[in-house]
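A.B. asks: One letter stands for each residue in the lines below.
Protein chains: 2
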Amino acid sequence: MPRRTTRNSADRVRSSCAIARTLDVVGDKWSLLVIRDLLHGKSTYGEILQSPEGIPTNILADRLKRLEEAGIIASEAYQERPVRYAYTLTPKGRDLGEVLGAIVRWGKKHIPGTRTLTRS
Amino acid sequence: MPRRTTRNSADRVRSSCAIARTLDVVGDKWSLLVIRDLLHGKSTYGEILQSPEGIPTNILADRLKRLEEAGIIASEAYQERPVRYAYTLTPKGRDLGEVLGAIVRWGKKHIPGTRTLTRS
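These protein sequence lines map, in sequence, to chains A and B. Counting from 1, one number per residue, gives the positions in the first sequence under this note's numbering. Counting from 1, one number per residue, gives the positions in the second sequence under this note's numbering.
Hint data in this document are derived by calculation from the structure and do not stem from the laboratory. All residues carry an ideal CB built from backbone N, CA and C; glycine is no exception. The reader is advised that the hints may include incorrect statements.
[As the list claims (entries may be wrong)] Some but not every residue of chain A turned toward chain B, in silico, with C-beta under 7 Å: (1) L64; (2) A86; (3) V99; (4) K108.
Generate coordinates for the entire structure from the input sequences, incorporating the hints supplied.
C.D. replies: If you want it as structure tokens, here you go:
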């Protein structure tokens, strides 16, 4: 069965709803967990890869690329041969801390046994 | 290439991080857009289907089922033959309004041309 195509009106309205447009950028679990890690002070591919959720390497590479294209993170080479990048949140990215804060509060209230993870 | 398996430690830690566990439940764009619609007063499958983002019917049916299993929404039949259900947010689901509020504020600040959509 072919994939259902989006209605023609979608692009027009998607571009004006702040919720839908934000979720187009960060509306997936892995993007928000990468942002959580950067807020917690992690900065390298290897450090994020060590997070307990076990993000797959291909997804991590994709999300770092997409978040940088969206202006949410910035990268800077800290080593050459092989080149390695450190990632930091831009001011736009740091503002997502408010969203993650709301998510933490909801989780701690409604999902038994959860807590705020601090940097490990 | 086989899908990378999750490390053994994942389940243990996933169950304690409030962000990761919350995102397991509502960490996708469509779930949060369905919750947005219910917060805006929509209640039926048909009403949600009319939202401008054009949610595919199979995804809407899946998300309603998962959100009800998670205790975020409740359903009640309002018509028989054929049976039709009205969906409402539980108190747990209404508390996600804080998360959506944070998302709206971020979007309006950082994505040009977006706004808070009111019920259409």
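A.B. asks: Tell me if the interface restraint on K108/A is satisfied: Cβ within less than 7 Å of some Cβ in chain B.
C.D. replies: Holds - the Cβ of K108/A comes within 7 Å of chain B, reaching about 5 Å at its closest.
A.B. asks: V99/A was flagged as interface toward chain B. Is the shortest Cβ-Cβ separation under 7 Å?
C.D. replies: holds (4 Å)
A.B. asks: For the hint on A86/A, just tell me whether its beta-carbon gets within less than 7 Å of chain B.
C.D. replies: Violated. Min distance 22 Å.
A.B. asks: If you take the shortest Cβ to Cβ gap from L64/A to chain B, is it below 7 Å?
C.D. replies: violated (17 Å)
Checked against the numbered hints given earlier, this structure breaks hints 1, 2; the rest are met.
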